[in-house]
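**Q** Chains as they are written, first to last, in my numbering: chain A, 1 to 171; chain B, 1 to 540; chain C, 1 to 393.
Careful: at least some of the hints might be erroneous.
[As the list claims (entries may be wrong)] Simulated crosslink set (SDA-like; lysine to any residue; CA at most 20 Å straight-line): (1) B:Lys344 with C:Thr92; (2) C:Lys237 with C:Glu278; (3) A:Lys136 with C:Asn392; (4) C:Lys391 with A:Arg77; (5) C:Lys388 with C:Gln292; (6) C:Lys129 with A:Ser151; (7) B:Lys344 with C:Tyr268; (8) B:Lys344 with C:Ser91.
Keep in mind that the hints were calculated from the coordinates and are not lab data.
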Amino acid sequence: MNKTVLKAVLASVLMFGFAFALIPLYNTFCEITGLNGKTSGQVTADEILKKQIVNENRLVTVQFDASVNSKLNWEFRPTELNMQVTPGKLYKTEFYAKNLSDKDITGRATYSVTPGKASLYFNKTECFCFTEQTLKAHEEVLMPVTFIVDSKLTEDVNIMTLSYTFYKLES
Amino acid sequence: MSHAAVADTHDHDHDHKPKGFVKRWLMTTNHKDIGTLYLIFALTMFILGGAMAMIIRLELFQPGLQFVQPDFFNQLTTMHALIMVFGAVMPAFVGFANWMIPIMIGAPDMALPRMNNWSFWILPFAFTMLASTFFMDGGAPAAGWTLYPPLVLQGGQNLAFAVFAIHMLGISSIMGAINVIATIMNMRAPNMGYLKMPLFVWTWLITAFLLIAVMPVFAGAVTMLLTDHYFGTTFFNAAGGGDPVLFQHIFWFFGHPEVYIMILPSFGIISEIIPTFARKPLFGYVSMVYATAGIAFLSFIVWAHHMFSVGMPLGGELFFMYATFLISIPTGVKVFNWVSTMWKGAMTFETPMLWAIAFIILFTIGGFSGLMLAIAPADFQYHDTYFVVAHFHYVLVTGAVFAIIGGAYYWLPKWSGNMYSERLGKIHFWWSTISVNVLFFPQHFLGLAGMPRRIPDYSTQFAEFNMWSSIGGFAFGLAQIFFIVIVWRTVKGKGTTKATSRVWEGAKGLEWFIPSPAPHHTFQDGAPVNDEHLAHVSSH
Amino acid sequence: MNRKTNCFKNSCKNFLWLAIGLLFSSFAFAEKSKYNMTEGVTEFSKQAYDIHMIVLWICVVIGVLVFGAMIYSMFAHRKSKGVTAAQFSHSTTAEIIWTVIPIIILIIIAFPATKALIKMEAPTDADGKNIVMDMTIKVTGFQWKWKYSYLDEGISFLSTLKADSNAARQANPTVDLYEVENYLLDVDNPLVIPVDTNIRILLTADDVIHSWWVPAFGWKRDAIPGFVNEAWTNVKKIGTYRGQCAELCGKDHGFMPIVVEVLSKEDYANWVKQQKGEQEVAEVKNNSEWSQADLMATGKTVYDSQCAACHQTTGQGMPPAFPALDGSTIVNGPIDEQIKTVLFGKQGTAMAAFGGILSESDIAAAITYTRNAWGNTAKDAAQPQDVKRIKNS
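In isolation and in its complexed conformation, chain A is listed as follows (with noise of 0.2 Å):
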C-alpha cells in the first residue's frame, strides 16, 4: 500500500511541476506553430538569403501597425503603412516614435503577426523589439526593422500584418 501512495504523492508532485514545463512547451509549440503569432528570436540576414527560392512574380503585402500601450506617453507609428515585398528577399521600413513627455521613459516592444501562420514565415533579422528602447524628454527617433518573408510562405496568404505594441517598463 506505502508503494501506491508513494506512487500518487510522486505524480501529483510531477503534475505540479508539469504546469511549470508548459510554458517552454508552449513557447515552442507555438513557434512549430505560429500559434500566438509570435515570430522566432533574430536570425541573421545571409543564413536566410542563402535558402530562398525567390520567384520575381511573387507578390504579397506586409502590413504594418503599431500601437501605444495607454500607460505610455509616446507617439508610435509606422512610416509606411503598406509594402509589396517578394517573398524571399530583404527588405526595410521604419517606424518613429517619439516621447512626448518631458521625462526619460523606457518602454519595450512586443510584436505580432497575423495571421498566425505567416508568423513562421516572417523573419525579422533587425528589429527594435529585441531590445528595450529608452527615449530622452521629447526625443523622436526612426526605428528601423529588416525582414525577410520566406519564399516557402504558403500560396493562400497575400496580405500579412506586423503589428507592434509599446508598453511603459515599470522599474
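With the hints as your guide, set chains B and C onto chain A.
**A** Here is chains B and C on its own, set in the frame of chain A:
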C-alpha cells in the same frame, strides 16, 4: 447520522463509537463519519452557492439594475461557480466515496484514515478563507471561476486569499484521491476482482486518477497568477514577454478533466440505481468501464474547445473539434447501456429511480448541446453566450446534482436506518424536475438570440425568457430547502419506517448485506464475498 | 358505452396528434424567429446557421429515438404489469451498432464543419483563388469601450454605450429603460463599413481580454492585449447590426455594445470624407482657447459617456471602489493634480489612464465640468493647452 438516530438503535454497543462531539466528529477517522461530514458540508455549500444563484436570478428577473451593482454581480457569478464546483459537487462525491467504497469492496475502512480526517477538515478553513474575500476592500474575485488574466490580476488583495484557498482545496482533493486509489487497489476483499467491483467504485477509481493528474496543474496555474501579481513575474503579461492565452491553455488542461471529475462518479451512481429498480443486471458492464476510461483519456486532449475564439491556427481548431466529437461515442455507449438495462426489466419507480431517469434524459440534452458546441464554426456563435450557460447547467445540475440527490435517496435508508417518505420524495422530484427545466431550457433560446453570459443587465428583447428562467430558478431553489426537510425528517425518524438491510427489492452489492443503519464498523474481520452478493460477476 | 370509449379514444388520438403537431411547429417556429441563431448577413453566419440547424435536427432525431425507447420501456416493462425481468446483460452486436452509427453521424457532421472553418481561416473564392482584402480596420478593446482605427484612411475614434442607455442602466435611473430605443445595444459612434467589401479586421486590446461579436456576421474573436488577432467579413446587406462584448472584462462588461452601420459604397465614401474633416476640426479644437460655457457643455457629454459609469452622473460614485467626485479633495484641489490623475490614472485603483484614450480638449472639458458641477465650485477651467502641458511633463 446524528446522536439521536444512534440512540434509537439498541444493538450497537459493539460499535465503539467515540463519545463526545469533538472525539466523534473533529477527530474521527471513521470512513462513515467522514463521509457524513463531507455530505453535510456539501449540502451547506450547495445552499450557500444556491443563495448566490438566487441573487443572480433576482437581478436578471427584469432588465435594469435593481438589486446589485455590476461589480458585485461579477463577484457573485465567480463565487457561485467556485463554491458549487469545489464546495458542493466535488465534496459530495467524496462523501459518497467515503461512505460507500469501503463497504462496496468489503474493506473495514479507507486505507489512510487519519489523512482522511485531514483532507476533510481542510475544507471548512479553505472556504472560510475564500468567502471572507466578500468582506474585503474591493470584494471577492470577480473575473469568473476561470480566473483569466489580465482581468483577475486587477482584483486586489482577494487574489492571494482565493489562490491559497484553491491550494488548500487542491491538497484536500489530492489527498482524497490518493486515499481512494490506495483503498481500491489494496483493500478489496478476497474474491473482489477488479471486474467484480460495482461501477461506482470503478468510476471513482478513474476520477481519482484524473484528480491526481490535474489538480496540481491548477495549483500551478494559480501560483503563476500569484507571482505575476505580487512578485513581478510576467508569465501572462504581454508587456513582459508573457502570453495571457497561455493561462487559458493551462487552466483548461485542468478544467476539462475537471468537468469529468464532476460527472464520472454520477455515471457510477446512475449505474447502481438503474439495475436495482429494473431488477436486471447492468447492461454492458465491461463496456461501461472501458467507456469511462475512454472519456477520462479523451478529456486530456480536448481542452482548447473552450477557447475556439482566441484565434487558433486552422489545424488546432480542427484537431480539438474532432477530438471533442470522439467524446460523444463513449458517452453515447453509456446512455445506450442504461436504456438497455431498463429494456425488458421489471421496473418500479421509487424516488431514486425517478432521479436516475431524469438524469439520463436531461444529461443527454446537455450532451446534445455539448456536441453542438464542439463544432468550431458554430461555436463562434455559441461561445460565451447563455447557450453555454444552459449547456453546462444541464450537465452539472440535471447531471451531477441530480445524480447526487438520486444517490442520496438511494443510500439514505442504509445510512440512517429509516425509509424516507416516498410521497415527499416524489413531490421533491417533480417539483425540481419541472422547475429546473423552466430555469435552464429558456437559456438555450437566450444564447441563440445573442445574449452574452456574465452580464448583470440585458436588452429588453431578452426580458421574457429571463423572467421565466428566474421564476424556474426560485422554484428550484425552494425545492432544495424542501429536500433538506426530507433528509432531516428521515434522519430523525419522523414519519418514517425502519429500513430493512436490503432496502430495495432488486438491490445487489455488499452494502445491502449489512444492517441498516450501517454499523459504525463493518467488515472488521474481512468480508465473506460470494458471487451472489455482487451485482457484476464477470462471465466473460 | 362503446360509443363513449370510442369517443374517448378518438379525442385521445386527436390530442396526441395535436401535441405532436405543436412540438414540430414549435421547432419550425424556432427556425425563423428571435429564439434561434440568426442567419445573419455574411457567408459565415449562413454557414454557422446551416450547421447549427443540421446538428439540431440530428440531435432531435436521436433524442426522439432514444427517449422514445426509454419511455416505451418505462410503460411496457414495469413490474406493476406483472412482467418478469429478463436477465441478459450484454450483446456484442448491439454495442458495435451503437458505436458505429454515432461514428458515421459524426463524420457526416465533420464535413460541413471542416469546410466552414477552412473558408474562415483561408479565405478563397469559388475558383479556389485567394480573396483580396479591400480594407483593414483595427479594433482595440478598452475597459469599457471599443476603438476603431481605419488603417488605410487614418481615421480612428472611440465607441461607447450611448448616453440614454447609460442613464437608464444606473441603479437609480433618471431615464426609463423601456423608453430607450435599443437599450444597451446602442453606441455614440458606430463602426461604419461599406457593403460587399472584403474587410480585414485586426483585433487587440489595451488592458484585459475582450471579445468582439456581431451575431449577424457569424463569429466572435478575442481581442487580447499585446497580441493581434485577425478575422474578416464581407457584409451582403446594408443595415445596422448590433452585438456585444463576449468576454468578461470587468465591471462594465455588459455595457460595451458594438454597433456596425453598413452603408452603400458611395455613402461610405462620403462618410470617410466627413470624418477626415472632423478630425481636422478636432485638431484645431485641441490647439485653441475655449470659453467656460463651451467647456461645461462638452464636458457634460464627455463625463456622461466616459466617467459616469463609475463616478455616476450625480458625481456620487460608488465608494469605496469608485469615490465620489462631488466634494472630492482632488476635484476641489489644485487643477494640475486632477489633470494628472485623469491623464495617468491612479496605480492600484480602478482609475484608468485616459491620456492615451481621450483627446486633450475632451479631458479639459470633463475636468472643467467636474470642478463646477454638483456641489463643486472651483470656478476655474482647464484648457486643452494645460492638459497638453501636463501630459508632456
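**Q** It remains to establish, for every hint, whether it holds in the given structure.
**A** To see whether the hints hold, each was checked on the structure:
About 18 Å separates the Cα atoms of lysine 344 (chain B) and threonine 92 (chain C), which keeps this hinted pair within 20 Å; it holds. With a C-alpha separation of about 27 Å, the suggested pair lysine 237 (chain C) and glutamate 278 (chain C) falls outside the 20 Å cut-off, and the hint is violated. For the hint linking lysine 136 (chain A) to asparagine 392 (chain C), the alpha-carbon distance of about 12 Å falls within 20 Å, and the restraint holds. As the CA atoms of lysine 391 (chain C) and arginine 77 (chain A) are separated by approximately 19 Å, the hinted pair is consistent with the 20 Å bound.
Restraint check for lysine 388 (chain C) and glutamine 292 (chain C): satisfied, since their Cα atoms lie roughly 18 Å apart, inside the 20 Å limit. Restraint check for lysine 129 (chain C) and serine 151 (chain A): satisfied, since their Cα atoms lie roughly 19 Å apart, inside the 20 Å limit. Of the supplied pair hints, the one linking lysine 344 (chain B) and tyrosine 268 (chain C) is violated, its CA atoms being roughly 69 Å apart against a limit of 20 Å. With a C-alpha separation of about 14 Å, the suggested pairing of lysine 344 (chain B) with serine 91 (chain C) holds against the 20 Å cut-off.
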